[in-house]
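Build the complex: two chains, separate frames, hints provided.
These protein sequence lines are chains A and B, in that order. Those letters in the first sequence? Residues 0 to 283, by numbering that gives the first Met the number 0. Those letters in the second sequence? Residues 0 to 79, by numbering that gives the first Met the number 0.
Treat each hint with caution, since some may be false.
The calculated lysine-lysine pairs, modelled on DSSO-like cross-linking and capped at a C-alpha distance of 27 angstroms, are [stated by the list, open to error]:
hint: 1; chain 1: B; residue 1: K74; chain 2: A; residue 2: K153
hint: 2; chain 1: B; residue 1: K48; chain 2: A; residue 2: K78
hint: 3; chain 1: A; residue 1: K56; chain 2: A; residue 2: K104
hint: 4; chain 1: A; residue 1: K199; chain 2: B; residue 2: K24
Partner residues aside, some chain B positions facing chain A, computed with beta carbon under 10 angstroms [said to hold, decoys possible]:
hint: 5; residue: L7
hint: 6; residue: S26
hint: 7; residue: L40
hint: 8; residue: Q41
hint: 9; residue: L43
hint: 10; residue: T47
hint: 11; residue: K48
hint: 12; residue: E50
hint: 13; residue: H54
hint: 14; residue: E56
hint: 15; residue: P58
hint: 16; residue: D59
hint: 17; residue: Y60
hint: 18; residue: E61
hint: 19; residue: Q63
hint: 20; residue: D67
Hints were generated in silico from the structure; no laboratory data involved. Every residue gets a Cβ at the ideal spot worked out from N, C-alpha and C, and that includes glycine.
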Amino acid sequence: METTKDSKVHGGNAEFHSATSAESALSWKLVDGVIELALHRGPCNELGSASLEELEKFATALQLMQDEAHSLIIYSELKPGFCAGADLRELYRRSETMDKAEAVKGVRDFLERIHRVLNLIDAAPLTTIAAVHGVTFGGGFELALACDLIIADKMARFCFPELRLGLIPGFGGIPRLKRDLGNGVVRDLLLTGRSINATKAQQIGLVSQVVGEGEALRAARATAAQLKKFDHTTAVAAKKFIKHIPHEELRREIDIFCELFARPAVQVGLRKFVESTDAQPYLP
Amino acid sequence: MPTAEQTLDEILTLAAVHFKVPREKLSPDADFFKTLGIDSLQTLDLLTKLENHFHVELPDYELQGVSDFRTLAGKIQARL
Numbered sequence: 000m001e002t003t004k005d006s007k008v009h010g011g012n013a014e015f016h017s018a019t020s021a022e023s024a025l026s027w028k029l030v031d032g033v034i035e036l037a038l039h040r041g042p043c044n045e046l047g048s049a050s051l052e053e054l055e056k057f058a059t060a061l062q063l064m065q066d067e068a069h070s071l072i073i074y075s076e077l078k079p080g081f082c083a084g085a086d087l088r089e090l091y092r093r094s095e096t097m098d099k100a101e102a103v104k105g106v107r108d109f110l111e112r113i114h115r116v117l118n119l120i121d122a123a124p125l126t127t128i129a130a131v132h133g134v135t136f137g138g139g140f141e142l143a144l145a146c147d148l149i150i151a152d153k154m155a156r157f158c159f160p161e162l163r164l165g166l167i168p169g170f171g172g173i174p175r176l177k178r179d180l181g182n183g184v185v186r187d188l189l190l191t192g193r194s195i196n197a198t199k200a201q202q203i204g205l206v207s208q209v210v211g212e213g214e215a216l217r218a219a220r221a222t223a224a225q226l227k228k229f230d231h232t233t234a235v236a237a238k239k240f241i242k243h244i245p246h247e248e249l250r251r252e253i254d255i256f257c258e259l260f261a262r263p264a265v266q267v268g269l270r271k272f273v274e275s276t277d278a279q280p281y282l283p
Numbered sequence: 000m001p002t003a004e005q006t007l008d009e010i011l012t013l014a015a016v017h018f019k020v021p022r023e024k025l026s027p028d029a030d031f032f033k034t035l036g037i038d039s040l041q042t043l044d045l046l047t048k049l050e051n052h053f054h055v056e057l058p059d060y061e062l063q064g065v066s067d068f069r070t071l072a073g074k075i076q077a078r079l
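With the rest of the complex left out, here is chain B (with noise of 0.2 angstroms):
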């Protein structure tokens, strides 16, 4: 199992390469609607990658609120 710091890695990758930003411009506490310019749509765009990708189940409500990368990763660490 990936530790807390891989997956917020991966994270980071991931929205970097989806949403076509600059890896380093994305940081762990950076709120991600602001820093990737994301809609509604986008962000179940996001949803969807990250189960995907961690072959996992996030339920839509688990995630609101949630706005900053680092606390999505130990939402998505709970569920690996």
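Looking at chain A on its own, in the form it has when it is part of the complex (with noise of 0.2 angstroms):
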């Protein structure tokens, strides 16, 4: 069943498939004020132009049921992890066939959407809670940032390997990274990209809960319960209050990523990568 007004009169519950197909990237559902959105396109929810459009539907859909929910839980149904990041096949297929600049257009194009979806996460008025495992890497890693709360299972792994390729992260990691901690974890993650795990990451500050194997989404959902006892007004009020969205410094991380995806370096860096079947892809 779509998720439209008509379906939050009657009952306030909704599925949704974003496609029909197999290949969809995305689905999402209303269960009792709780929207759970599972990602789900192989190998490992890389975020190309077809699953942007299913975050843009979904995000159409999220203000929709908004007024309906209390909890939204980010998860991924795929074994080797949350989000292996932004599709590097696809941005290196791009950039092989346009001129440079047409490239650069297009890469600030679906940068700008991206932000669109993840600040309208960011700033939902509900709780938002990623509930993580294994490979949260790049643009997965700053999906996960985007939300209030990230609950991990202890196999997760969070990294920003995006200095590999001449570039930094683009949808937003940054900013919201330094919102959340310390300039110096920041620094850490960024200028090293090396990988961490969830109980380093709970260590710093980023994770809330790790969790046993295979129990990210259960904690994520006890969560929830525990959320839906609060009354909504103040919880949206309280993270309204503690939660701004740092704009300016993310416009300006679309002005760099731009810069430097200009650079021939880039595009070395991407072949590499896209041609690589080295164990530790994501290190220069």
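Below, the structure written as structure tokens:
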């Protein structure tokens, strides 16, 4: 059933698959005040143009559902992890087939669109929870950072590997990480490109709960059930008071990303990644 | 603190259990990418398993180019 205003009127529960084919990147449902957004595009929920279109549909639906909901949980149904980040193969193909100015324009358009979606999730008037496991890299990490809480399976790993491509994270990761944690943590993750596990992520204040393997979604649902007991207006006011959206830095991030993307070094980095058979392709 | 040999032995056992490979098929100097048949995502899994088991941090770049269990054990031993 599609999520429409009618579906809200008839009981407040809804389910929606953004595409009918097996290729759909995500689906969502609203049950008893909890919206669950499931990511399921193989191999590991890479975010390309098709996924972005579906995320935009979800963002529209979120605005319709949010009056009926108190929580949003985002999780992956795929074994390798939450999300491996931007679809670098698609980005490489695009940059190969377009002239540079056209490619930069396309990248800017993509970034502005995904920023709109993530800003909307970031500021949504409900409590948002990323339930993560496995690979939570790059754009996947940035999607998790747009949420209010991160609940991590102990096998989750977080990483900003973008510098290996000659880029910075482009989906709002640095401004949001800087907002939430100390600048030293941001520099460590950004400038070394190393990945950290869930325990370390909890130690630095990034992750609120670390749970056993395969338990992140269950723990997120338990948390959402607790949130339902609070007065919704108060919860929304508390979130609005404590969580600002760093709009200026987010805009600046897009500018810096596009300036860097125009350089030949990025094309070299993308090619190296796409052609790599290395066990750690996210390292330079 | 465990000895280097104990650390090596624990790594071999952990890898055998996690990747469902008979322990006797894993030798200290074998290329674990080939022996375990693991890809880049599974390599991250192994890294996380090792960090959780030994309660250490292993920066990815320190393990770049490491492909045998003995060298891996040495890297972990240096952080215990």
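Hints, one by one, checked against the model:
no.	hint	result
1	K74(B) x K153(A)	holds (22 angstroms)
2	K48(B) x K78(A)	holds (16 angstroms)
3	K56(A) x K104(A)	holds (23 angstroms)
4	K199(A) x K24(B)	violated (33 angstroms)
5	L7	violated (20 angstroms)
6	S26	violated (19 angstroms)
7	L40	holds (5 angstroms)
8	Q41	holds (9 angstroms)
9	L43	holds (5 angstroms)
10	T47	holds (5 angstroms)
11	K48	holds (8 angstroms)
12	E50	holds (5 angstroms)
13	H54	holds (8 angstroms)
14	E56	holds (6 angstroms)
15	P58	holds (5 angstroms)
16	D59	holds (5 angstroms)
17	Y60	holds (6 angstroms)
18	E61	holds (9 angstroms)
19	Q63	holds (6 angstroms)
20	D67	violated (13 angstroms)
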